[in-house]
Amino acid sequence: MSAAQAFLNPRRWWRSKTPMYRRNYKWGLVFATPAFIGLAWFFAYPAIASIVYSFSNRTMTGAKTQWVGGTNYSGLFKDSEWWSSLGNTFYIMVLAVPIGIVVAVILALLLNLKVRGQSFYRTIFFLPSILPVVASGVVWLYVFNPQYGVLNNVLSWFGINGPGWLQDPNWAKPALVIFSVWGLGNLMVIMLAGLQEVPQDLQEQAMVDGANWWHRFWHVTVPFISPHLMFALITGVIAGFQYFTPVYVLTNGSGDPAGATMVSGVYLYQNAFQNFKVGYASAMAWVLFIIIAVCTALLFKLFGKRVYYGGE
Amino acid sequence: MTSPHTFRQVDDRGGGGGAPSRRRALGLMGGAAAAAFLSGCAVVSVPNGVSTVGLSKGAAPGRKKNIEVYNNQGAPTGMGVVEMAKAFEASHPDIGVKVTYSPIVTQDVQPKLLTAIAGGQPPDVGMVGQEYVPMWSRLGMMEELTPMVHAAGIKETDYAGIAGPRAWIDNRVWALQWEGDPNFPLFWNKDLFEKAGLDPDTPPTFVTDTGNAADKQKTVDYYAGKLLKHTGGLISQIAIVPWDVYGFANSMYTWGFSFGGKFLSADGTKLTPEHPLNIKALQWMTAYAKAAGGVAKLATTPPGLTLHPFAGGHIGMAPLVGANFQAIRTAQPKMRIGGGLLPYQPPGASAAGQGAWLGGWSFFIPKGARDPEAAWEFIRWTTATNAGATAEYKKVGYIPVYSNSDGLRAARTDPNMAPYWKTLMSLKNQRPLTPGTSLLANSMEKYVSSAVFGQMSAEDALHTAGKEANDFWQAFNKQVGTQLTQAKAMALLRHGNGQVNSA
Chain A
1 MSAAQAFLNP RRWWRSKTPM YRRNYKWGLV FATPAFIGLA WFFAYPAIAS
51 IVYSFSNRTM TGAKTQWVGG TNYSGLFKDS EWWSSLGNTF YIMVLAVPIG
101 IVVAVILALL LNLKVRGQSF YRTIFFLPSI LPVVASGVVW LYVFNPQYGV
151 LNNVLSWFGI NGPGWLQDPN WAKPALVIFS VWGLGNLMVI MLAGLQEVPQ
201 DLQEQAMVDG ANWWHRFWHV TVPFISPHLM FALITGVIAG FQYFTPVYVL
251 TNGSGDPAGA TMVSGVYLYQ NAFQNFKVGY ASAMAWVLFI IIAVCTALLF
301 KLFGKRVYYG GE
Chain B
1 MTSPHTFRQV DDRGGGGGAP SRRRALGLMG GAAAAAFLSG CAVVSVPNGV
51 STVGLSKGAA PGRKKNIEVY NNQGAPTGMG VVEMAKAFEA SHPDIGVKVT
101 YSPIVTQDVQ PKLLTAIAGG QPPDVGMVGQ EYVPMWSRLG MMEELTPMVH
151 AAGIKETDYA GIAGPRAWID NRVWALQWEG DPNFPLFWNK DLFEKAGLDP
201 DTPPTFVTDT GNAADKQKTV DYYAGKLLKH TGGLISQIAI VPWDVYGFAN
251 SMYTWGFSFG GKFLSADGTK LTPEHPLNIK ALQWMTAYAK AAGGVAKLAT
301 TPPGLTLHPF AGGHIGMAPL VGANFQAIRT AQPKMRIGGG LLPYQPPGAS
351 AAGQGAWLGG WSFFIPKGAR DPEAAWEFIR WTTATNAGAT AEYKKVGYIP
401 VYSNSDGLRA ARTDPNMAPY WKTLMSLKNQ RPLTPGTSLL ANSMEKYVSS
451 AVFGQMSAED ALHTAGKEAN DFWQAFNKQV GTQLTQAKAM ALLRHGNGQV
501 NSA
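Protein chains in written order, with UniProt numbering: chain A, 1 to 312; chain B, 1 to 503.
Quick caveat, the hints were computed from the structure, so don't treat them as lab data.
Heads up, a few of these hints could be off.
To be verified - Straight-line distance between alpha carbons at most 20 Å, and here's what the computed DMTMM-like set of lysine to aspartate or glutamate pairs gives:
1) K467(B) x E204(A)
2) K64(A) x D471(B)
3) K467(B) x D79(A)
Please read all numbers here as calculations on a predicted model, not as lab measurements.
Let the sequences and hints guide you as you build the complete structure.
Spelled out as structure tokens, the structure:
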């Protein structure tokens, strides 16, 4: 009996099951109940509440909350700071996601080579991704320091006067991109896993047929890791619209310099926790959700058919 | 996004197929151990050897009552708060104090405290800046302290400078200040002054050109010319960093007040960052930045209250908060530092130190606190008794504002604290007490920064910041109701010929 039939006629469905199935089913429900409650309380309730709040002028404490209809949403269209923050978010995402994927693939290719100390190198490149963002962010504050930072000091060896990085409105976003790419260990491991699933016999056949390194990479390796690339792209875009912690740590959450790093997540946070405009911040969250959903759907539409799932 | 906080998902297809080899397992374990070591290492400096406790503590055992205090101070002052709570427990055998670290993040935001209050699980005592009281009290986040204050016989005149008047508005009290944060005395590096041919004992009197030739060598601009150095296209030494007085917004307040600017209208109904003298102050900041070679060539903002870059010996002068100054004193005991009042700019301002304004944290009882009675006893002891205020001075290190305290008296003669005492006693300003002040801070942070970076004019920057803040304030009033008496009182305080009154 299908799930649809069980839903339409649950009594009949229940009677059709053996006593052992019914007993297991009941215990299954008992054990799953805490998870259901947790999901309902910590995910479903806040999500539904934030939809409701987004149509109100709710403050942090809920004092004198009134229904304001779509005012918060229409207000966003007129809020130049919101558009500016979306632009900054998009800028960082458009640079960080592709660069991150390319660098992760290159690193994975290198770390897939059978060389002495392979595990050591893998560990070294993976380490940044398991460091807390706050801790690594503080370290990068010093790395990006225009006067004493290691980055500008290294650039000076080549006669380059490094920019002000986080102190310069033109360089603050590129600095955030560099910081993001530095922590791509997880993505690198995913690509490494993908590379190890590429059939060696195909590679060998291609080699016998005279394919050079690039041809083998492009026509054999890339199709086999395309699901991983797709995964990286989708999750990268989703995380990109939720970009928050690095800005929060590296700029003290101010969006400095001159609003250059004011991303949507930080602007939302400021509205909720500093200005107590919880209703307005909730509207931002839902607009971001819609943008993410649309972008994800577009990416599936554009690239979904190009993904090769092996024999599936 | 490939940031470190993303891609936490576990790839269910495995990382290479098959069981990991022993070498790989060892490698991964080694990596994990190294990461745990790196992430677990926290270097916490403890100036003056004040304390080696943490930022939180449990309540002393066996007490009849226990209260919870949220501590928003990081190391080392936060450790002092824990020690202060212990001192309270020692003098109050019936009350235990649990101290929970609730850090300040961006621009005084305390997310842990705010969510605890919003969630109906507040601590018994929290910390708040007085400029947030108009908003928080009207949103029903605070218990009114007035009946308890009256019953205890505490008066606004019990506090130094404007600390009392700004808490006693219309005879209503919501929070009492436990530490003074006179922002700011000016400190200068005597060695740098000497090397530049300047008198090591004389800081500048004026900010910029007064129009009087005799004053020319007494201005910050003159000192700037003497102290500025470039190396490899970067600023390697600078006289002062006027746009980096603890953020662009606080810089604007400091130099705006130093020029005689106002941030609140005389009737207390409008925020006025676009006051003509504030615009002049910002114009000076932008001109100074340009003359120095550009803001982007210098980075001096410390991440929180860590060692201030002034300690590096390449900055001639800096307005400093107490915690930074104490830390510098400890880290650089041989550094010769002078301390005094901020320079000022006539004709708007008429005396040194006129740019100073009172910051500092107050204790309050959040609405819904479980034991307001015991919470009040903690607040009364720490803010309105000699024992409490002196314990704060000795354990935490901030100058106290309770007048009848040995701590405040000691600060007057302590060579390190005397500049703070002098500043506290002479200052007349503060960030405006209005519901729009938090948004003004955000707006000024952005637009003042834009002006300093040359992206907009000083006039446009401050007009835009003012419009955003006033729009927000009006919307707030529309929703929560108008109650402008606090703002009006503070306007009177700051426009009343220097007289301190509470309207």
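Right, here's what the structure says about each hint:
no. : hint              : result
1   : K467(B) x E204(A) : violated (69 Å)
2   : K64(A) x D471(B)  : holds (19 Å)
3   : K467(B) x D79(A)  : holds (13 Å)
The earlier numbered hint that this structure contradicts is number 1, and it is the only one.
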